[in-house]
Every structure is written in structure tokens, then in C-alpha cells.
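Peer 1: Construct the entire structure; sequences and hints are all you get.
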Amino acid sequence: MIQKAEFVVSNNNPSNCPKPDRAEVAFIGRSNVGKSSLINMLTGKKELAKTSQKPGKTQLINHFKIDDRWYLVDLPGYGFAKVNVKVKEGWENMITTYLTKRENLCGVFVLIDSRLEPQKIDLDFLLWCGTNGVPAAIVFTKADKQSKSKTHQNIQKFLKKMNEIFEEIPDYLITSSETGQGKDDLEEFILDLVKEYESREVI
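Using our numbering, the letters of the sequence shown correspond one by one to residues 25 to 227.
No lab work stands behind these hints: they were computed from the structure.
Glycine included, C-beta positions come from ideal geometry on N, C-alpha and C.
Hints are not guaranteed to be accurate.
[To be verified] Simulated pairs of lysine to any residue, SDA-like, Cα-Cα distance not exceeding 20 Å:
1. K110 - N35
2. K169 - K181
3. K43 - F88
4. K89 - L72
5. K181 - L151
6. K219 - F88
7. K181 - I193
8. K184 - R139
9. K74 - E202
10. K74 - I26
11. K207 - A160
12. K185 - W152
13. K74 - S61
14. K43 - S223
15. K70 - E211
16. K169 - E202
17. K125 - L84
18. K185 - C153
19. K181 - E192
20. K125 - N35
21. K184 - L151
22. K125 - T155
23. K185 - P142
24. K174 - K184
25. K172 - K207
26. K169 - I198
[As the list claims (entries may be wrong)] Pair by pair, the computed Cβ-Cβ distance ranges are:
27. D148 - Q177: 17 to 27 Å
28. D92 - S173: 38 to 48 Å
29. H176 - P44: 37 to 47 Å
30. E30 - D208: 17 to 27 Å
31. K181 - K43: 38 to 48 Å
Peer 2: This is how it looks when you write it as C-alpha cells:
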């Protein structure tokens, strides 16, 4: 159970991120996938990450310190944000640099809207992660927004597409920020990554 969550810093340059002295996990997803709401649900702090109805609100790398032990990072969303091409390229370079160079990053959670059919942009991003050795897991969001059978159906379609790309499908979780579904599983998953990172650091 997360006891303490505090904002540390926002920046647009990965080299200005906090010193990589503890485990770090990052959340990323298409604009308006419910990333901020999920982070707030996970930490139990309603205002920790800024939520917005307007896609593309998160434009910086946002670091939060959790229980004085590990960092949770809120990354800019990809796709659909109404910004000019130059700004978009800057974001993409920033995210690419962060994901491939951040040495204490032990997990990236790619958020997928469970209400939608498989989207090429999400599949492409997961393929990019796999190709670049970025340790990704999938978090299906907004599971409360439709029937369980519809959620299951969409997730199975997505996993089928993943099967065509990957030899082994990444781990996945099903969540709802509204009902708290998946919170315990997600927290447990993250803590396992943190413990694994810490055990490597000791050696």
C-alpha cells in the first residue's frame, strides 16, 4: 500500500531528471487514455497528477517520489495531441532519449483504452519498446466504461494482434480508475520490479 507520494520535478530534458539512485517506473499512453487518473488512483492522491479532458495535457517528464523509495514517472502521451510538428518531434526525441537512456528505469507501463479496437499507434509503440529493449507491460484502462464481456472482447483482439508481432506477449493488467479495479495487482507488480532492481543494486 502506497503511503506517501510527492511531486519532485517536471522537465523537458531527460538529462535533468533526478539522480538515478533508486528504482523508477514510467507510465505512458495515447493522449486521453486516463493516465493521470490511473496515477492518482494508484497513489490515493486525487490531485497528484493533473487530469484534463483536453488531450496532450502532459507535455513534460513528471517525477513523483513514492514512499521515499522509488520514482513514478508520468510521460507525455503520444498521438492526437493538437500541437505543431516541431513541438511533437521535440516530445518524441525527449521520450525516446528517456526510455532508452534512463539507467534506473525498470518498467514502463503502456496504457491502452480497453473500450477501443486495437489501434496501430499503440501496437507500433509496443513494437518500438520491444525492438529497443524497453521493459514494457500493458495496462488496459477504463474497464468500467463498458460491459465486462466487451472489455474482454477488446482485450482479446488486442492480444491477438500482439501475438502476430511478439514471440511472447508482455504482461498485462486490467484497470479502472473509477472503481479501483486492478489497483492491488498493479501495485504488487510495481513493487516486484522495485525489489528486483534493489536486489541487483546490492550485488
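Peer 1: For every hint, state whether the structure bears it out.
Peer 2: Verification of the hints:
1. K110 - N35: Given pair K110, N35 holds - Cα atoms ~18 Å apart, limit 20 Å.
2. K169 - K181: holds, 18 Å
3. K43 - F88: OK: K43 and F88 at ~13 Å, within 20 Å.
4. K89 - L72: Measuring from Cα to Cα gives roughly 11 Å; hence the hint holds.
5. K181 - L151: holds, 16 Å
6. K219 - F88: It holds: about 18 Å lies between the C-alpha atoms, which stays within 20 Å.
7. K181 - I193: holds, 13 Å
8. K184 - R139: Given pair K184, R139 holds - Cα atoms ~16 Å apart, limit 20 Å.
9. K74 - E202: holds, 16 Å
10. K74 - I26: holds, 19 Å
11. K207 - A160: holds, 18 Å
12. K185 - W152: OK: K185 and W152 at ~15 Å, within 20 Å.
13. K74 - S61: Holds - the C-alpha atoms of S61 and K74 are around 8 Å apart, at most 20 Å.
14. K43 - S223: holds, 19 Å
15. K70 - E211: Holds: K70 and E211 sit about 17 Å apart, inside 20 Å.
16. K169 - E202: With a Cα-Cα distance of about 9 Å, the restraint between K169 and E202 holds, given a limit of 20 Å.
17. K125 - L84: Distance of about 17 Å is within 20 Å: holds.
18. K185 - C153: holds, 16 Å
19. K181 - E192: Answer holds: K181 to E192 is near 16 Å, not above 20 Å.
20. K125 - N35: holds, 16 Å
21. K184 - L151: holds, 14 Å
22. K125 - T155: It holds: about 14 Å lies between the C-alpha atoms, which stays within 20 Å.
23. K185 - P142: Holds, at roughly 8 Å.
24. K174 - K184: Within the cut-off at roughly 15 Å; holds.
25. K172 - K207: Holds, because 17 Å separates the two Cα atoms, which is no more than 20 Å.
26. K169 - I198: holds, 12 Å
27. D148 - Q177: 17 to 27 Å: holds, 22 Å
28. D92 - S173: 38 to 48 Å: holds, 42 Å
29. H176 - P44: 37 to 47 Å: Holds, since H176 and P44 (Cβ atoms, about 39 Å apart) stay within the stated range.
30. E30 - D208: 17 to 27 Å: holds, 22 Å
31. K181 - K43: 38 to 48 Å: holds, 42 Å
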